[in-house]
Amino acid sequence: MNRVVVGAHYGLKDWLGQRITAVVMAVYTLIFAVGALSMGELNYENWRGLFAGGFMRFATFLFFASLMYHAWVGVRDIYMDYIKPTGVRVVLHAVTLLALIGYLGWAAQVLWRL
Amino acid sequence: MANTASKTRPKFLHLTEIRLPLPGIVSILHRVSGAGLFLCLPLLLWLFAASLGSPESFESFSAVVGHPLAKIFLLGLMWAYLHHFCAGIRFLLLDMHKGLELATARKSSVAVLAVSLTLTVILGVKLW
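Chains as they are written, first to last, in the numbering used here: chain A, 1 to 114; chain B, 1 to 128.
This is chain B alone, in the form it adopts within the complex:
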């Protein structure tokens, strides 16, 4: 059953010509942000361990996260977390059949992008 369906389904895979709709952009960013967070897990755990190990290791933690390049990198990871968080809540609601209409789904994907970016900016300003 699944095989016959996949054979007749039209395919359009020209990566440079595909124009993803907003919900599609939110969806692929959910995957990208999740993958990025996973790949940075050892680094984040190392920072977590240093921040809680001892007053001395807290000092080296502060020095590392105080570096401008580290701040930009960590701000990127904060965006990744916040986007994954907001998009994840949207997907949970979609799973519960809330907001499935096309117009609502478009609006909620705009909201996900807007809220996660706004929170990233607020956090960035607060922590800079």
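Here chain A stands alone, though its shape is the one from the complex:
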């Protein structure tokens, strides 16, 4: 097998991880929908209250962590299909990965300031 530096690592890990994170996000989406529907009027107090509880804060963080990993695998798959030059792909991989790590830090900061 020809191993490529920006290849798929030829394993089940990413494939499985993408699916596990998908399930985490799907379950969270339902929990969020129930919470939003039972929240009452949309104002700052109610909206903040939806995320401020220990469970929702942790669940929302797990959602964001899953989102970033899921997006990493998905976007990398898109690069592998359309971006052929190795150099361009390495740069895109790096930019995407760093952006996603930054986004997760941002989400965590929002949640733990509540």
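In case anyone wonders, no lab produced these hints; they're calculated from the structure. Wrong hints could be hidden among the right ones.
[To be verified] Ranges between beta-carbon positions, derived for each pair:
(1) Gly17(A) x Gly124(B): 30 to 38 Å
(2) Thr86(A) x Pro55(B): 30 to 38 Å
(3) Leu12(A) x Leu93(B): 15 to 23 Å
(4) Tyr82(A) x Pro55(B): 38 to 46 Å
(5) Leu37(A) x Ile72(B): 19 to 27 Å
[Stated by the list, open to error] A short, non-exhaustive set of chain A residues, derived as facing chain B with CB atoms under 10 Å:
(6) Asn43
(7) Asp77
(8) Thr96
(9) Leu111
Keep in mind the model is a prediction, meaning the values are calculated, not measured. Backbone N, C-alpha and C fix where the C-beta goes; we use that ideal spot for every residue, glycine too.
Starting from the known structure of chain A, fit chain B onto it as the hints suggest.
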């Protein structure tokens, strides 16, 4: 092994003449919606941060998402999320070898398009 297979495989890549079957449309929309959501992540996180930062930033969040153009844009992103959600569940079931028969796969792709569009319309009406 993989190389010999790819050499003999027929290729038809006339983009204007390809007629994608419904499952193919669901599949490419899954990719398009995922890419769109990824590209809009900074914007969505900014809105999330503003909505939870303080009563004042919540007010500016409300003003931004209350603008008609922003509403149309966000409704598009909601469709993207809902399509990605529904199509993703279909792909998870296909991974578990459920609904692999051609007739079932066609029906489930119609269901994905119908459910995600219906939910988008309901959300749009509710949030408008």
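For each hint, the structure was consulted:
1. A hinted range of 30 to 38 Å for the beta carbons of Gly17(A) and Gly124(B) is consistent with their spacing of about 33 Å.
2. Restraint check, Thr86(A) to Pro55(B): a C-beta distance of roughly 50 Å breaks the suggested window 30 to 38 Å.
3. About 19 Å separates the C-beta atoms of Leu12(A) and Leu93(B), a value consistent with the hinted range of 15 to 23 Å.
4. In this structure, Tyr82(A) and Pro55(B) meet the distance hint of 38 to 46 Å, their C-beta atoms being roughly 45 Å apart.
5. With their beta carbons about 23 Å apart, Leu37(A) and Ile72(B) fall inside the hinted range of 19 to 27 Å.
6. Hint status for Asn43(A) relative to chain B: holds, with the closest Cβ pair at about 8 Å, below 10 Å.
7. With 10 Å as the threshold, the beta carbon of Asp77(A) comes within range of chain B, its nearest partner Cβ sitting at about 8 Å, so the hint holds.
8. A hinted interface residue such as Thr96(A) counts as satisfied when its beta carbon comes closer than 10 Å to some beta carbon of chain B; here the least separation is about 8 Å, so the hint holds.
9. Because the smallest distance between the Cβ of Leu111(A) and any Cβ of chain B comes to about 8 Å, under 10 Å, the interface hint for this residue holds.
Comparing the model with each numbered hint stated earlier shows that hint 2 is the single one that does not hold.
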